[in-house]
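Same order as they appear, the protein sequences are chains A and B.
With the working numbering applied, the first sequence covers 1 to 367.
With the working numbering applied, the second sequence covers 1 to 367.
Incorrect hints may have been included.
To be verified - Calculated pairs, DSS-like style, for lysine-lysine (alpha carbon to alpha carbon, straight line, at most 27 Å):
{"id": "1", "chain 1": "A", "residue 1": "Lys143", "chain 2": "B", "residue 2": "Lys258"}
{"id": "2", "chain 1": "B", "residue 1": "Lys67", "chain 2": "A", "residue 2": "Lys143"}
{"id": "3", "chain 1": "B", "residue 1": "Lys67", "chain 2": "A", "residue 2": "Lys67"}
{"id": "4", "chain 1": "B", "residue 1": "Lys2", "chain 2": "A", "residue 2": "Lys45"}
{"id": "5", "chain 1": "A", "residue 1": "Lys67", "chain 2": "A", "residue 2": "Lys184"}
{"id": "6", "chain 1": "A", "residue 1": "Lys67", "chain 2": "B", "residue 2": "Lys143"}
{"id": "7", "chain 1": "B", "residue 1": "Lys143", "chain 2": "A", "residue 2": "Lys143"}
{"id": "8", "chain 1": "A", "residue 1": "Lys2", "chain 2": "B", "residue 2": "Lys2"}
{"id": "9", "chain 1": "A", "residue 1": "Lys45", "chain 2": "B", "residue 2": "Lys143"}
{"id": "10", "chain 1": "A", "residue 1": "Lys67", "chain 2": "B", "residue 2": "Lys2"}
To be verified - Listed below are several chain A residues computed to face chain B (Cβ distance under 8 Å; list not exhaustive):
{"id": "11", "residue": "Tyr69"}
{"id": "12", "residue": "Arg81"}
{"id": "13", "residue": "Met85"}
{"id": "14", "residue": "Ser86"}
{"id": "15", "residue": "Asp139"}
{"id": "16", "residue": "Val273"}
As the list claims (entries may be wrong) - With beta-carbon atoms standing in for the labels, derived distance ranges:
{"id": "17", "chain 1": "B", "residue 1": "Glu105", "chain 2": "A", "residue 2": "Ser252", "range": "51 to 61 Å"}
{"id": "18", "chain 1": "B", "residue 1": "Asp11", "chain 2": "A", "residue 2": "Arg74", "range": "23 to 33 Å"}
{"id": "19", "chain 1": "A", "residue 1": "Asp128", "chain 2": "B", "residue 2": "Met181", "range": "43 to 53 Å"}
Just so you know, the hints here were simulated from the structure itself, not pulled from any lab data.
All of these numbers come straight from a predicted model, not from anything done at the bench.
All residues carry an ideal CB built from backbone N, CA and C; glycine is no exception.
2 protein chains.
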Amino acid sequence: MKIINSTPRADGFYMPAEFSPHYGCIMIFPERSDSWQYGGYAARKAFVQIAETIAQSERLTVCASQKQYENARRLLSDNIRVVEMSSNDAWARDYAPTFVTNGSEIRGVNWGFNAWGGLEDGLYFPWDLDDKMARKLCDLYNKDMYDLGSFILEGGSIHVDGEGTCITTEACLLSRGRNPMLTKDNIENYLRDYLNVEKVIWLKNGIFNDETNEHVDNICAFVKPSEVVLAWTDDENDPQYAMSKSCYDILSRETDAKGRSITVHKLRCPKPVTITAEECGGLDTMDFQPTRTPGERLAASYVNFYIANGAVVMPFFGDPADEPARDLLAELFPEREIISVYARDILIGGGNIHCITQQIPIFGGAE
Amino acid sequence: MKIINSTPRADGFYMPAEFSPHYGCIMIFPERSDSWQYGGYAARKAFVQIAETIAQSERLTVCASQKQYENARRLLSDNIRVVEMSSNDAWARDYAPTFVTNGSEIRGVNWGFNAWGGLEDGLYFPWDLDDKMARKLCDLYNKDMYDLGSFILEGGSIHVDGEGTCITTEACLLSRGRNPMLTKDNIENYLRDYLNVEKVIWLKNGIFNDETNEHVDNICAFVKPSEVVLAWTDDENDPQYAMSKSCYDILSRETDAKGRSITVHKLRCPKPVTITAEECGGLDTMDFQPTRTPGERLAASYVNFYIANGAVVMPFFGDPADEPARDLLAELFPEREIISVYARDILIGGGNIHCITQQIPIFGGAE
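I would like the entire structure built from these sequences, with the hints used as guidance.
This is how it looks when you write it as structure tokens:
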């Protein structure tokens with residue numbers, strides 16, 4: 001594994017869209033008892049379901065700590081690879097490498113990671129093991145790596161169409177906890193150089209009370225070039241309404257890198273999901289403080305799905321909106337099976353299915 | 001990675017000789033401060049030299065602990081893969097899988113490991129992380145595995161010619177710390193079934209004061225079918241003399257699995273190597289006890305070499321016997337470069353170059 005000192009743009013490498021064919025996928029086995037209920041027990045059950053679904057159509061590697069390796073190995077099927085790797089938590093989307101390709105080779109991009117805001121408004125301390133994962137994963141897969149460790153970015157804060165367009169949110173990328181010394185233009189230039197995109201569409205906001213500073217991957221995702229789904233509510237009294245409306249307005253008047261206008265499919269959210277006192281009781285404290293408060297609203301959204309080669313793996317919450325959401329995705333992804341996984345135990349950790357996965361694109365049909 | 005419940009013999013898999021072509025090699029980065037001087041610092045330098053040599057002609061993966069990962073990554077070249085994996089010490093030969101092939105597929109064999117004798121006369125406690133490595137490595141390489149965890153065996157206690165013959169030592173395999181409930185016949189049957197050999201040649205002894213209970217890989221190794229090198233001394237007053245003489249006599253009257261008599265090349269040992277008080281001072285204590293005593297004789301032997309695809313990597317000790325040993329190996333391996341590495345800092349840990357490597361055979365020319 002070599003560290004490459006140029007940029008993907010300079011070398012003709014770019015990040016493909018998630019709906020392009022994958023070589024495989026990376027996940028991390030959860031165990032943090034202040035993020036996940038009952039010592040991670042509840043989340044592990046959901047992660048295993050998601051892993052098994054993904055592994056039906058692509059090669060999956062699950063990273064587990066020394067302590068959890070055997071448990072992961074026992075719970076996961078034979079066709080899933082389990083490797084020992086240390087981490088602070090289990091958000092593969094945010095700390096696994098962003099993979100880029102030139103059509104015949106794959107390389108990784110290592111962004112800096114500071115637990116969604118560092119000492120400013122980050123979610124835990126320390127985050128050193130997470131931050132090291134991108135490099136370890138490039139090493140594991142024998143991929144050379146662009147090292148942009150000085151620039152803070154999580155994989156969940158960007159989405160690309162693979163044809164020159166990136167969507168992100170100002171709430172996250174311009175937050176004081178990320179890269180406060182850089183201007184919006186500086187940040188956009190990093191995205192252009194390292195994702196190799198021509199156009200960055202800046203949404204203002206994401207999902208209400210999303211503790212990642214409103215990652216784009218919880219509110220808006222490409223389903224094909226020039227078509228997105230947007231998390232939506234029709235309830236004008238919900239604080240989410242103004243946030244989604246603002247995104248809708250921006251997307252409606254924007255064009256993508258190829259000059260096409262963007263079709264926006266409204267993916268209606270479930271009714272507000274709040275954490276119960278009993279659920280809070282299943283979480284250990286962090287630095288002597290509870291990590292969640294009973295009644296706290298969780299950032300529930302159907303947009304947080306993962307597009308596998310053969311399936312779209314989407315969350316459901318036991319809400320009347322589950323079925324229409326599933327129907328819309330089935331319509332938008334006619335060639336993929338839509339598999340819903342009950343995701344409340346992942347949502348309690350602060351994210352959802354997209355947040356705990358990272359795809360590796362395929363090249364030349366082989367590896 | 002699947003666990004296979006039959007045996008390699010039943011499935012037509014066998015262990016190829018070390019001099020057959022390799023896919024690659026596995027090593028472990030040393031750090032145990034009671035095994036290796038100066039917190040492992042001295043051994044790491046030697047391990048790096050050996051790793052770089054091997055990586056010139058085959059794919060090398062080095063397993064490093066979470067704490068040593070970055071140091072390993074920095075010290076080793078780009079073409080060497082470093083993966084995070086926990087272990088109790090650094091003897092890849094003894095706890096990495098024994099790989100077997102049917103000519104088109106590779107599988108691993110997981111033997112039980114108890115630190116060379118368990119609570120009877122083992123060398124450290126606990127050994128749980130070492131014992132788990134074979135399974136983790138099969139998982140890492142996506143190889144199915146025969147699990148013989150109930151049978152204690154180290155990779156260094158056997159050598160095969162790839163044509164039906166295994167050589168081992170009674171001192172080790174019949175020791176009370178290995179499989180005391182099994183007869184010699186029982187043990188031989190395990191070797192027949194899991195290495196898929198027809199004949200086991202039992203030497204009585206290995207190298208004097210070899211704390212592995214005299215592993216065969218320190219005294220005798222195949223250089224081709226029906227030809228071995230044997231560690232030797234001409235000094236009849238050296239306790240090694242009777243041990244080597246006994247091996248010589250057995251080998252001289254034995255035939256291999258194909259009925260061929262065995263040519264024995266005497267590979268003369270260096271003068272007795274003893275550890276100094278200063279060197280002992282560089283080792284931390286284990287359970288409040290020193291692991292070595294000044295003046296203690298170390299099990300120095302040139303037989304403990306590794307046969308890589310393009311080189312034989314052999315130890316040297318700064319002894320007049322270094323040069324003749326090198327010359328003999330050059331004669332016996334005319335198509336390979338002979339590379340000598342100063343190995344005193346490895347020997348102090350209790351083994352040598354063969355002990356810290358494990359080859360993975362190649363099949364069909366590809367992987």
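- Task: Take a quick look at whether B/Lys67 and A/Lys67 sit within 27 Å of each other, Cα to Cα.
- Result: Roughly 15 Å separates the two Cα atoms, so the pair holds.
- Query: Under the criterion that the straight-line Cα-Cα distance not exceed 27 Å, is the pair A/Lys67, B/Lys2 satisfied?
  - Reply: holds (21 Å)
- Sort out whether B/Lys143 lies within 27 Å of A/Lys45, counting only the CA atoms. Holds, at about 26 Å.
- Message: With the threshold set at 27 Å, check whether the alpha-carbon distance from A/Lys143 to B/Lys258 stays at or below it.
- Response: Status violated; Cα separation ~45 Å.
- So, A/Tyr69 near chain B? Judge it on the closest CB pair being under 8 Å. Cβ of A/Tyr69 sits 7 Å from chain B, so the hint holds.
- With a cut-off of 27 Å on the C-alpha distance, tell me whether A/Lys67 and A/Lys184 pass. violated (42 Å)
- Quick one, is the A/Val273 hint okay against chain B at 8 Å, beta carbons? violated (36 Å)
- Given hint A/Arg81 near chain B, where the shortest CB pair must fall under 8 Å: holds (6 Å)
- Query: Under the criterion that the straight-line Cα-Cα distance not exceed 27 Å, is the pair A/Lys67, B/Lys143 satisfied?
  - Reply: holds (22 Å)
- Using 8 Å as the Cβ threshold, decide whether A/Asp139 counts as touching chain B. holds (6 Å)
- Verify the proposed pairing of A/Lys2 with B/Lys2, using a straight-line Cα cut of 27 Å. This hinted pair is violated, its Cα atoms lying about 32 Å apart.
- Task: Verify the proposed pairing of B/Lys143 with A/Lys143, using a straight-line Cα cut of 27 Å.
- Result: With Cα atoms ~21 Å apart, B/Lys143 and A/Lys143 stay inside 27 Å; holds.
The structure fails hints 1, 5, 8 and 16 (numbered hints given earlier, in ascending order).
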